[in-house]
Amino acid sequence: MLETNRYHRQILFAPIGENGQEKLNQSHVLIVGAGALGSSSAEALARAGVGHLTLIDRDYVEESNLQRQQLFSEKDMKQKTPKAIAAKQRLSEVNSHVRIDAIVGDAEIDLLRQIAPEADLIIDATDNFDTRLLLNDIAQKYQKPWIYGAVVASYGVTFTVLPDKTPCLQCLQEYIPANGATCDSVGIIQPVVQRVVSQQVTEALKLLTGNEAALSGRLISFDLWKNEHTEIEVDALRKADCPSCSEKRSYPNLAYDSRLKSAVLCGRNTVQLRPQRKQTDLDEVAKELQKNKQIKLFQNPYLLSFEVDSFRIVLFQDGRALVHGTMDQLEAKNVYHRYLG
Amino acid sequence: MKIMVNGNGLEVREDVKHIKGLIDFLELEDKPLIIEHNQQILQKEEHEKAILENGDKVEIVHFVGGG
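In order, the protein sequences belong to chains U and P. Position 162 of the first sequence, counted from 1, bears residue number 162 in this note's numbering, the numbering being contiguous throughout. Position 60 of the second sequence, counted from 1, bears residue number 60 in this note's numbering, the numbering being contiguous throughout.
These are calculated hints, taken from the structure and not from any lab test. One thing to keep in mind: the hints can contain errors.
[As the list claims (entries may be wrong)] Over 10 Å on every C-beta distance to chain U, these chain P residues come out as not near it, computed from the model:
hint : residue
1    : M1
2    : K2
3    : V16
4    : K17
5    : H18
6    : I23
7    : D24
8    : F25
9    : E27
10   : E29
11   : K31
12   : E48
13   : D56
14   : I60
15   : G66
[Unchecked claim] Straight line, CA to CA, 25 Å or less: simulated DSS-like cross-link-like pairs of lysine-lysine:
hint : chain 1 : residue 1 : chain 2 : residue 2
16   : P       : K49       : U       : K239
17   : U       : K80       : U       : K296
18   : U       : K226      : P       : K57
19   : U       : K226      : P       : K2
20   : U       : K239      : P       : K44
21   : U       : K239      : P       : K20
22   : U       : K239      : P       : K31
23   : P       : K17       : P       : K31
24   : U       : K165      : P       : K44
Glycine included, every Cβ here is placed at the ideal spot set by N, Cα and C.
Let's have the full structure, built from the sequences with the hints guiding it.
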């Protein structure tokens with residue numbers, strides 16, 4: 001049942017109308033990442049009345065997120081609430097009619113294989129190209145549109161990838177920066193997040209309401225500080241022999257060995273470790289750690305955090321650990337094994 | 001010579017003859033760039049062949065990763 005008054009202004013907007021609103025209500029959008037871009041997209045889509053949102057995020061709320069990640073509060077920061085959970089709580093207050101599935105974990109292949117076939121489209125709100133390439137191949141495999149978005153400093157870039165119509169990210173792979181130039185070492189201002197999200201969400205609304213003809217079709221970038229806005233027609237960059245979207249496709253980014261077991265988090269002085277074993281009993285681990293009086297512990301229903309030496313280690317229920325205080329993967333593994341076996 | 005780069009007018013030095021020269025002039029040589037010159041997408045090997053003239057329009061986009 002649509003609450004017509006709630007969406008009245010959106011229904012008045014002719015390209016959407018009653019029909020479009022009902023389509024939104026029937027839609028399922030997968031948002032990968034619940035940081036700055038993900039928070040903002042999720043709120044816009046929930047307010048717009050998209051019936052079902054799935055959010056995936058591996059991180060928890062920290063103080064430095066609050067400047068731009070609009071769904072989170074100081075309370076979330078103090079409680080170290082996982083971003084997906086904190087987002088769901090806030091979104092449920094914003095629009096209680098939307099079904100929200102919150103997943104605390106990595107956007108890894110098996111998970112995406114489960115969710116993507118049922119989603120109408122995927123919004124990219126990740127902070128790394130490993131995950132984007134994975135999303136790209138998943139989207140090609142299940143023939144779903146996905147909307148790339150990224151931000152750094154006052155610069156943003158976005159592109160809607162349509163299966164069999166536009167180039168995919170793999171076609172454009174030579175333009176993906178190889179080094180850490182994308183890390184948030186140069187900071188970010190909040191309005192650029194909103195600018196990218198306004199483009200991503202508008203493209204999503206067009207797709208979900210059957211207005212494909214209105215899609216931009218272009219690679220769009222802007223620098224709000226430099227007052228630049230650029231749009232490029234990139235159809236010519238579609239590769240006839242692309243391994244992800246051509247007839248000769250083999251989905252190289254879905255090969256399991258292309259996914260790292262450990263990863264340095266961008267600009268965070270943090271390493272994520274993803275051990276083989278799944279599901280961890282956080283209470284058991286806490287009990288063991290408490291035997292060491294040197295260790296300061298914090299626990300909530302989703303994670304366990306403790307400080308030791310110059311490191312802070314955060315252990316999640318799904319077995320992942322974030323080791324803060326190092327960018328050295330070997331050092332992070334040593335710390336992990338020393339305290340968590 | 002005056003050209004348009006990403007929608008804004010830009011005065012470039014005499015010795016900036018082609019797109020490759022413009023990339024160096026803008027100190028963007030370290031980044032992989034998607035470049036459109038007068039509405040024509042260029043491959044990287046074309047950057048030195050694409051001669052700049054007064055009034056040309058150049059659009060430059062680079063990918064970033066943050067989110």
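* Earlier hints that do not hold, by number -> 11, 14, 15
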